[in-house]
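Participant: Read off the chains here:
Protein chains: 2
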Amino acid sequence: MGVNSNRVEDFSSHRINTESVMPGMEIHTVCLSPKKTTLQKLKQRLSEIFFPDDPLYRFKNQTWRKKLLLGLQFLFPIFQWAPEYRLKLLRSDIISGLTIASLAIPQGISYAKLANLPPIVGLYSSFVPPLIYAILGSSSHLGVGPVSIASLIMGSMLSETVSPRDEPIRYLKLAFTATFFAGLFQASLGLLRLGFVIDFLSKATLVGFMSGAAVIVSLQQLKGLLGISHFTSKMQFIPVMSSVFKHRDEASGIINDWEKWSWQTIVMGFSFLVFMLTTRHISMKRAKLFWVSAAAPLTSVILSTLLVFCLRSKTHNISFIGHLPKGLNPPSANMLYFSGPDLELAIKTGIVTGILALTEGISVGRTFAALKNYQVDGNKEMMAIGFMNMAGSCSSCFVTTGSFSRSAVNYNAGAQTAVSNIVMATAVLVTLLFLMPLFYYTPNVILGAIIISAVIGLIDYQAAYCLWKVDKLDFLACLCSFFGVLFISVPLGLGIAVGVSVFKILLHVTRPNSLIMGNIKGTQIYHSLSRYKEASRVPSFLILAIESPIYFANSTYLQERVLRWIREEDEWIKANDGSPLKCIILDMTAVTAIDTSGIDLLCELRKMLEKRSLKARLSPNESHLALVLTNPVGSVTEKLHQSKMLDSFGLNGIYLAVGEAVADISALWKSQPDFPEDCNETGQCRETKR
Amino acid sequence: MGVNSNRVEDFSSHRINTESVMPGMEIHTVCLSPKKTTLQKLKQRLSEIFFPDDPLYRFKNQTWRKKLLLGLQFLFPIFQWAPEYRLKLLRSDIISGLTIASLAIPQGISYAKLANLPPIVGLYSSFVPPLIYAILGSSSHLGVGPVSIASLIMGSMLSETVSPRDEPIRYLKLAFTATFFAGLFQASLGLLRLGFVIDFLSKATLVGFMSGAAVIVSLQQLKGLLGISHFTSKMQFIPVMSSVFKHRDEASGIINDWEKWSWQTIVMGFSFLVFMLTTRHISMKRAKLFWVSAAAPLTSVILSTLLVFCLRSKTHNISFIGHLPKGLNPPSANMLYFSGPDLELAIKTGIVTGILALTEGISVGRTFAALKNYQVDGNKEMMAIGFMNMAGSCSSCFVTTGSFSRSAVNYNAGAQTAVSNIVMATAVLVTLLFLMPLFYYTPNVILGAIIISAVIGLIDYQAAYCLWKVDKLDFLACLCSFFGVLFISVPLGLGIAVGVSVFKILLHVTRPNSLIMGNIKGTQIYHSLSRYKEASRVPSFLILAIESPIYFANSTYLQERVLRWIREEDEWIKANDGSPLKCIILDMTAVTAIDTSGIDLLCELRKMLEKRSLKARLSPNESHLALVLTNPVGSVTEKLHQSKMLDSFGLNGIYLAVGEAVADISALWKSQPDFPEDCNETGQCRETKR
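Note that the protein sequences, when read in sequence, are chains B and V. All the letters of the first sequence, read from the start, carry residue numbers 1 to 690 under UniProt numbering. All the letters of the second sequence, read from the start, carry residue numbers 1 to 690 under UniProt numbering.
Think of the hints as simulated: they come from the structure by calculation, not from any bench. In this text the structure is predicted, and so the values were computed from the model without any measurement. Keep in mind that a hint or two might mislead.
Each pair may be met inside one copy or between any two copies, as identical chains are not told apart.
Stated by the list, open to error - DSS-like, lysine-lysine: derived pairs with alpha carbons at most 30 angstroms apart:
#1 Lys574 to Lys66
#2 Lys670 to Lys521
#3 Lys607 to Lys644
#4 Lys35 to Lys469
#5 Lys521 to Lys36
#6 Lys285 to Lys644
#7 Lys288 to Lys88
#8 Lys644 to Lys41
#9 Lys372 to Lys644
#10 Lys607 to Lys285
#11 Lys380 to Lys88
#12 Lys223 to Lys314
#13 Lys43 to Lys60
#14 Lys611 to Lys60
#15 Lys348 to Lys173
#16 Lys574 to Lys43
#17 Lys533 to Lys574
#18 Lys285 to Lys372
Model the full structure from these sequences, guided by the hints.
Facilitator: Rendered as structure tokens:
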């Protein structure tokens with residue numbers, strides 16, 4: 001029977017094994033990947049880490065002139081779409097631009113208040129950054145400007161150290177410096193192609209975090225909505241709630257309960273809040289009516305301003321914005337500082353807000369790009385957002401990014417290109433130059449209502465329910481970040497949630513799944529015995545699949561677990577009068593990596609099973625055991641080779657597929673019925689016989 | 001052609017697909033694991049995390065009397081071996097016990113000096129802990145006592161805050177309290193079955209750490225060897241080296257170079273060091289001569305003491321131990337404290353030394369157990385070591401554990417049971433009661449020489465070279481811990497190394513391998529195209545294997561990578577005039593877990609490829625693309641089911657094996673040549689036709 005059984009390739013020739021295996025069946029060799037030097041491997045590894053999308057593939061095989069053009073387009077995506085821009089696109093861009101401007105102006109003012117900054121800074125931030133983004137950004141639908149989460153976190157982190165009321169200039173300087181560092185951090189992540197850092201904020205973490213932040217932001221707005229004058233600057237649930245119900249009048253030192261709530265403010269605030277939530281509900285039901293909720297904030301601002309203006313003699317209790325300076329963004333580069341005791345705080349705040357702003361901006365960009373089926377390059381977007389913030393910090397802007405609400409409106413209003421951002425910036429420009437006095441009587445309470453109606457959508461209980469259903473540990477991460485943000489602090493809450501997510505990965509690695517496989521009759525398919533009723537045990541074999549890389553973190557566990565599988569199989573055989581175990585097959589298909597501890601484990605396991613074989617000669621109750629590996633992946637084969645393990649396993653130790661191993665070993669047993677011990681100490685003994 | 005094609009099981013019945021597939025070929029269903037409630041799953045998960053070795057399996061199906069006995073044996077392994085103890089074992093145990101005693105006495109004194117403790121504490125620590133371990137421990141070969149690394153770290157961490165020279169009582173109290181907390185931490189790890197925590201100190205980390213610590217310890221002994229009187233108490237390379245070459249005389253304030261080195265001390269120290277290193281070399285060459293190196297320290301102590309005693313009038317420069325109190329361990333429970341400013345330091349030191357002591361003890365225990373082919377239960381050993389240290393801290397002992405050098409000698413001397421530890425303790429008892437005055441003239445320099453000859457074996461450059469060869473990142477972790485310990489500090493160095501090891505796991509998860517598979521002719525085996533020359537592309541199919549769980553940390557990367565594979569395949573097809581791509585098969589065999597982000601990725605990928613199909617109808621250059629999954633493992637199938645993805649993939653979306661998918665889909669294309677588009681939007685379209 002002329003059958004090839006050539007398994008462990010010795011990198012030059014195939015050995016031919018002429019023993020009688022199943023007729024017509026060819027046994028295949030496990031071979032190594034093509035040889036590479038350490039340098040080549042390092043290069044490949046690094047390019048896989050930093051350039052997984054092969055960003056320069058467009059440059060291949062091009063003339064230098066074309067390459068120059070492509071390079072320009074790569075750096076400034078505006079050169080990509082601007083030459084193809086047609087006037088008929090302009091109409092939709094103008095409409096969508098004006099629509100988001102009507103949203104951006106009240107939101108800008110509100111979010112600036114959220115960050116404890118002067119309201120005008122919010123408008124400045126809706127002017128310069130969108131222009132920069134239009135040049136550098138690669139998304140056509142991103143609506144750029146300040147966002148609630150980043151504003152909130154900047155406000156809370158900075159005001160824990162510096163009071164915005166007592167030291168406004170120092171606070172402003174801190175805010176601009178933090179914005180600069182946020183931009184620097186973002187741009188560096190993009191330049192160094194470390195975009196994957198933000199991937200560690202998993203969806204579960206973000207759902208919990210956003211909900212927690214939304215709850216805190218909403219509760220903080222009770223200050224405005226209830227017309228309370230003294231309020232905590234802290235961010236945690238408990239101080240905020242106690243501020244709402246008990247506030248100390250600093251002048252008299254008396255603790256008041258809800259005596260100082262102003263009913264006029266409450267009535268006005270809640271009516272407009274209900275109005276905006278209703279419009280939001282309408283727009284969510286019907287995507288076509290998106291403009292209803294988009295126009296609601298501006299409408300509310302206009303109506304409430306008129307109301308306060310008309311009744312200004314009777315409503316002393318309602319506080320309003322007051323004087324706002326006219327004119328364009330003043331330069332603020334001279335307010336940045338790069339030394340001094342506040343620098344650490346500015347850098348820390350910059351990094352935390354920067355990373356959160358990035359997460360929102362990138363995920364929003366990707367969402368809308370997926371809807372229109374184009375791709376957004378994460379690293380390039382990071383650079384765009386980063387440079388936009390660095391430029392912003394020099395022109396009196398605070399942290400900005402792509403905002404979800406504005407982008408959704410932009411998309412629904414039919415924006416075609418980044419021109420809609422330019423239109424929005426122009427509208428803000430007009431406002432800054434001419435319309436500022438109109439905001440004099442805008443009540444603060446309306447800003448609180450705008451913020452609440454904007455952040456309420458961040459509480460995504462459906463997503464949380466889905467997490468609970470699909471993955472309990474993801475849900476735990478979500479809960480951790482929710483309660484962490486609510487009760488401890490924003491950076492710590494985020495840290496805990498990232499910790500839980502990483503812990504989940506490590507737990508999976510530390511306690512990997514392993515299972516017994518059986519053969520599905522009539523096929524060469526081997527599958528989990530417990531899952532497939534069609535699968536049946538192969539007598540004398542124990543086929544184990546290990547579903548994880550073998551690392552230092554799990555090698556001890558795996559050793560214990562494999563020995564337990566063997567013990568339990570022995571018990572099962574005893575109970576069912578099965579044929580005694582002779583061979584353990586470890587299916588390595590899912591063992592995607594191995595380290596030195598993992599190699600030691602295999603080595604030791606093999607020795608232990610061999611020793612068991614030796615013992616078995618003395619007491620015939622325990623059967624002899626061979627250890628065989630099947631289908632090791634490329635990198636694992638290579639490491640086994642480098643550590644000489646491959647040689648020690650030898651010809652009979654490694655097969656390409658479970659089916660081939662079972663066929664070959666069974667055939668061997670049949671051909672050598674008298675020497676069952678010899679074929680068990682895998683490899684060498686059989687080789688020496690030839 | 002009566003062929004079954006029943007794939008997506010709807011958990012009750014098999015659907016029969018009567019379309020013409022390959023004759024005689026059966027297509028199998030992917031099915032879910034047996035249903036379990038959340039509670040059952042949690043229970044299984046927890047038992048897998050905490051009881052992977054099923055420690056109570058011996059208790060199953062036993063009478064209550066037997067269970068009681070087994071329980072007693074489980075808690076106190078002495079009841080397991082003591083009833084079977086025979087007198088003929090006693091001879092070997094006495095020999096090995098006396099041999100390790102001859103090693104333990106000089107080592108005890110030396111290591112106590114290393115921890116900046118009075119020498120007598122080292123002897124106390126070689127008396128009580130071995131007795132406790134003999135009752136609780138499950139290893140028969142572990143030689144228990146103080147060890148170099150733990151002593152060194154305790155000494156360095158404590159003396160950074162408290163000077164052992166200026167405040168000896170406070171320092172002693174701190175040391176005992178730290179020992180107590182080390183024991184408490186160790187015992188809790190064992191009780192809570194969190195033994196896997198020590199697995200995170202990978203072999204690579206330990207190799208680097210041990211080498212770094214050995215270098216530092218050896219350099220610190222230069223104080224004794226060169227006879228320098230004033231020496232830094234710091235642990236880093238630079239202060240130690242500058243102490244050696246420049247030391248400030250505190251009385252006169254003058255900085256001296258090597259003027260104060262004492263040549264008598266140097267000559268004596270280096271002669272005995274050379275003697276011990278030679279004996280060590282001899283024993284390493286011939287395992288039978290183990291007693292040569294085992295007896296060397298005691299011989300050196302005796303010889304050097306005699307030498308100093310005889311020449312005591314001429315050798316004023318050689319410092320010696322001086323008076324040591326006679327008598328047994330005094331109780332020290334009253335010296336422990338559980339409040340006060342030093343508590344934090346004591347707990348921190350306890351945890352760091354505890355974890356390092358555990359690592360050494362457990363790995364030594366496992367090594368010798370493997371040699372004799374019995375198993376050591378890690379969690380039980382932790383409890384034994386923990387209780388031994390807690391008891392030790394109440395009887396004037398500092399941190400002890402299983403020592404490698406002593407265990408090796410014990411093993412080689414033929415120890416059979418833990419009785420050898422009792423014999424050793426008895427020998428130490430005799431020493432403590434009667435022989436203490438003999439150590440009066442023992443020179444300090446000899447202790448330094450003993451320490452150096454003991455730690456020099458920890459510098460394992462061969463293991464480091466092996467790491468470099470097999471795994472570059474493991475080698476990096478090794479380097480980090482080596483230089484971290486040498487130049488920064490012990491806990492930080494360890495922390496960095498653990499960080500690198502964890503980063504390696506995360507990197508593997510963040511940037512997983514993916515590859516194109518091809519069919520090996522004549523088989524149903526599909527394998528990497530780049531690795532197997534026998535494997536060939538299947539026309540119209542792109543078969544991708546993803547070698548990692550799909551998590552939040554890699555879902556973005558995988559999306560980009562898969563799209564790039566498709567792009568590159570398209571280019572390859574264009575260049576080679578191949579048949580256009582119609583179907584992407586994702587082989588999920590190695591995708592051992594998935595989370596919500598991973599499910600989103602699959603969903604989005606499918607939508608994108610569908611959209612590409614829609615586009616393709618307009619421009620016929622791009623072909624239609626279907627996405628098919630093969631062989632998802634149990635937990636992944638379950639999550640796909642819970643998130644309703646399984647339904648959306650439908651009948652034609654999931655197969656059990658790549659071969660079956662290729663056969664079934666090809667057959668489908670052949671049977672529907674006119675509607676190539678419809679079968680590409682996987683699933684639904686075809687189902688609706690029925």
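Participant: Does each hint hold? Answer for all of them.
Facilitator: So, going through the hints one by one against the coordinates:
For the homomeric pair lysine 574 and lysine 66, the shortest alpha-carbon distance between copies (22 angstroms) is at most 30 angstroms, but the shortest distance inside one copy (75 angstroms) is not. For a Cα distance limit of 30 angstroms, the shortest separation of lysine 670 from lysine 521 qualifies both inside one copy, at 21 angstroms, and across copies, at 28 angstroms. For the identical chains of this complex, lysine 607 and lysine 644 are intra-copy neighbours only, at 15 angstroms inside a copy versus 46 angstroms across copies, given an alpha-carbon limit of 30 angstroms. In this homomeric assembly, lysine 35 and lysine 469 come within 30 angstroms of each other (Cα to Cα) only across copies, at 14 angstroms, whereas the closest approach inside a single copy is 46 angstroms.
Taking the shortest Cα distances, lysine 521 and lysine 36 sit within 30 angstroms of each other only across copies (27 angstroms), while inside one copy they are farther apart (41 angstroms). In the homo-oligomer, the alpha carbons of lysine 285 and lysine 644 lie at most 30 angstroms apart only across protomers (23 angstroms), although the nearest pairing inside one protomer, at 65 angstroms, exceeds that limit. For the homomeric pair lysine 288 and lysine 88, the shortest alpha-carbon distance inside one copy (21 angstroms) is at most 30 angstroms, but the shortest distance between copies (93 angstroms) is not. Taking the shortest alpha-carbon separations for lysine 644 and lysine 41, only the intra-copy value of 20 angstroms comes in at or below 30 angstroms, while the best inter-copy value is 40 angstroms.
For a Cα distance limit of 30 angstroms, the shortest separation of lysine 372 from lysine 644 across copies, 24 angstroms, qualifies, whereas the shortest one inside one copy, 53 angstroms, does not. Taking the closest pair of Cα atoms, lysine 607 and lysine 285 come within 30 angstroms of each other only across two copies (24 angstroms); inside a single copy the shortest separation is 67 angstroms, beyond that limit. Proximity of lysine 380 to lysine 88 under the C-alpha cut-off of 30 angstroms is restricted to the intra-copy arrangement: shortest distance 28 angstroms within a copy versus 77 angstroms between copies. With identical chains, the CA atoms of lysine 223 and lysine 314 are at most 30 angstroms apart within one copy only, with a shortest distance of 21 angstroms there and 87 angstroms across copies.
Proximity of lysine 43 and lysine 60 under a CA criterion of 30 angstroms is satisfied intra-copy only: 19 angstroms inside one chain copy versus 55 angstroms between copies. Taking identical chains as interchangeable, the C-alpha atoms of lysine 611 and lysine 60 lie at most 30 angstroms apart only when they sit on different chains, with a minimum of 27 angstroms there against 58 angstroms within one chain. For the identical chains of this complex, lysine 348 and lysine 173 are intra-copy neighbours only, at 15 angstroms inside a copy versus 40 angstroms across copies, given an alpha-carbon limit of 30 angstroms. Proximity of lysine 574 and lysine 43 under a CA criterion of 30 angstroms is satisfied inter-copy only: 28 angstroms between copies versus 54 angstroms inside one chain copy.
Within a single copy, lysine 533 and lysine 574 get their C-alpha atoms as close as 22 angstroms, which meets the 30 angstroms cut-off; across copies the closest is 45 angstroms, which misses it. Proximity of lysine 285 and lysine 372 under a CA criterion of 30 angstroms is satisfied intra-copy only: 21 angstroms inside one chain copy versus 73 angstroms between copies.
Consistency with the previously given hints is maintained throughout, with no hint failing.
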